[in-house]
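Place chain B on chain A using the hints.
Which chain is which? The protein sequence lines are A and B, in order. Using my numbering, read the first sequence as starting at 112 and increasing by one per residue. Using my numbering, read the second sequence as starting at 4 and increasing by one per residue.
FYI, nobody ran anything at the bench for these hints, they're computed from the structure. Using N, Cα and C, we set each Cβ at its ideal position, and we do this for glycine too. Any given hint could turn out to be false.
[Stated by the list, open to error] With the Cβ distance kept under 7 Å, some of the chain A side facing chain B (calculated, not the full set):
hint	residue
1	L121
2	P124
3	R126
4	I133
5	G134
6	F174
7	K176
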Amino acid sequence: MQFIKTVLDLVFPPRCQVCRGIGKEALCRECESRIQYLQPSAFIHSVGVYEDVLKSAILRFKFKKRTQLAEPLGMLMVRYLSRHLDTSRLDFIVPVPLHKKRLNVRGFNQSELLAHVLTGYYKVPTVSGLLFRTKDTLPQFNLPRAERLKNVKGAFEVKGKGLLKDRNVLLIDDIYTTGFTISECTRALKDNGARSVHVLTLSRALKM
Amino acid sequence: MFKRPLVMIAIIYALIIITVRPFIPVPEKTFINNDQPQTGPIPALSQKFMSVIKQTTPAPYDALLGSIVFGTSVSPLDPDLKESYKKAGLAHLLVASGTQVSILIGVCLVGMRCFNVPISLGVIFTSIVNILFALVSGCGASIVRAAVMGEITLFSLWLNKDTEMYTSLSLSALVLMIHDPLVLFDIGFQLTFAATWALFYLAPKIEEKLQRLAMFQEEGPGMLPALASVCLAPILATIPITMFNFNQFSLVAFFTNLIVLPCVEVITVMGFISTAIGCLFLPAAYALNGALYLLLILLNEIVYTFTSLPGACLYIAAPPFFVFVLYYAGLIYYFEGKMRLKEIGKILAVIITVIGLMSALAPVFASKQLTVSVIDVRQGDSIFIEAPSGRTMLIDAGPKYRKSDAGKRCVLPFLHSKGINKIDIVVLTHPHDDHVGGMVSVLKDLPVGLVLDSGQAHTSRAYLNFLKTIDQKNIPYKIARAGQAIDLGAEIKAVILNPQEPFIEQSALNNNSVVIRLTYGKVSFMLTGDMEKEGEQRVISSYKGSLRAQVLKAGHHGSRTASSQEFLNKVRPEIALISVGEHNQFHHPHPSTLKKFDEMGIKTFRTDRNGAITVKCDGEKYSIETLK
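Isolated chain A, as found in the complex:
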């Protein structure tokens, strides 16, 4: 495996996915330093603004399938979390799920990959089978605000209900826009007995 990776790195030299510089990490330091970080506000935790660096990184991560970005982006979340949230009482990390169809097309769930990075750091398990999408919803960012709520309304359900009883859950997503997706997920989790649901998203869209 290592050999194959070395050969591939020879033919396709690693680049920063934002500035396209050669021989750099997937997210190079210069680009990382240009991220606009956010301060925590009640219940919603977002690492940074969905603009410039973070936006292009997320777009390349999700749509160009540059999964090597999971590590550096996940570490941004770890750094945020250590500073602003008490992680000692967390029981589960739950990524916002993709519908099965979308998962098949993309091949991975970006939120899940991010959650795994957190798990690796905090040793809190990521549970991705728990929450799932029942409706194949349209991508939220394409919709006008009025339709977004309708789009995700009742789109999420929980499997294995007993598991969540009195547990503290950290919900992970890549972009927070209107909060409809997040609130639907939170409600599904709480309805099934979760004691507390904290939300951490990688980015937050300020402009609509």
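What follows is chain B alone, placed relative to chain A:
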């Protein structure tokens, strides 16, 4: 550099090849018969494709369509047509390379996506098609380069990786160089890499500059900056290579490319489709190629119109190597905006580039010398004279055999390498084949001001072709007679000493050769053609002036029938030039003649031993340069 290991490996490998080159045995060049297409590793398939094109496209245009789609190595093209495309700066159209590969890959991938084929299968199928195309079109340097880069791009799509231009270029160069290290010195190899680099690196920068220029216009610039930069970048990057190897500098290249490129894209796409469909169902190909036929006619018309413009393509003597290094350095420096003191740097870069180009053009203007060159045409004669005034004269053009034309093979390359773009006077000393053979090619290639002929009746095919070409090209034609003077500018006195009427009857054609005595200041040249003893006798008896000449072109290739003692006593040459082929069937030059020269202390130079011999003269002294 260290971030791109493959680039480093490729550069180191190339440097190793360059250093050990003198020790690599150069394989004897096999004579390539241009009439036969090289079919590549899969002859059946290329022949199948070519037969579809041949059946559906009318005659001269089938070969043209074939070369645009599959390259000339599969579809041999009329040499004259090929030369026209070269002069128009469009030779790249006739080589299978990146254009075809990118179109092919694009068509395949879009097709795959239409049928919802998973990306992995799509990539595998497309890469098979890609490799097949490279094999079918004959595996030249440019197509292998394009195919390897195509593969890299395909796999990057599949594996979600980022390609990097220099790494991809290096990998394809490595593939080629490992297969054959000497490919590094192949012109096609150099051209394709320079042009591709230009498309990736220069073109975006040029486009940016053009966009900025066009910003102030009311209407948007549209597609023009993109198209112009794609045309201009490869030209800028390949100028030194074409100049160095072909001595060619096409002034119309930018404009022809600008007009022709979109048209050729269409031809390539439709050519692919019609060939593929034609393999399955021939009548369908008729319809498509019928439409293509009109485009091909249009293409040829554009090419001919541009190449017939005066000065469309200049021949320039290759400047020294460091000028090219300066040129590239200047080019990169000009476009590399990040550097400090960049404004000063840019001005410097422009100056360096201009100086580079000027010094390339300089030999065309500056020459206060008389040079007389005996070109090595094997067994035959061809002498080129450049007067201090810049006027030029060519005496004879060597032989032409069935497959080897000294005009094309020796005389024209020699003239091109000197940056000669016109010949003022062409002299045919006498109509023997070893003097007239190469003439047709020369007359066709370069503008000629005047033809001087001995005017002897002769009916060989070569001589009749010579007369026909003069007629076709409407070149002024005069009969040379003793006593006439030739205008080579005020500094040079050029007198014709022979023939005179009535003609000498013994060995008539040779003895009635045109003989010229050139004088520049204190130095004279006696250029005798194939004149033998009888002619020499007559010159001695009839010419009133001095026959003295420091440099003698020995008559009749140093045969013992020429250079009589009496003539040599009159001329008293210091050196004798003998134009002769190695192991020739006439056993020229004759030992007795050589002995005579030796006894008189005349130094001899022979084209079979010395290669081309050039005598340079400033009116006081003369010096001799030989190739070997």
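Hints, verified against the model:
1. L121: 6 Å, holds
2. P124: 5 Å, holds
3. R126: 5 Å, holds
4. I133: With a closest approach of 5 Å, the I133 (chain A) hint holds.
5. G134: Constraint on G134 (chain A) satisfied, holds at 3 Å.
6. F174: 10 Å, violated
7. K176: For K176 (chain A), the interface hint holds, since the closest Cβ of chain B sits about 4 Å away, which is under 7 Å.
Consistency with the previously given hints fails for number 6 only.
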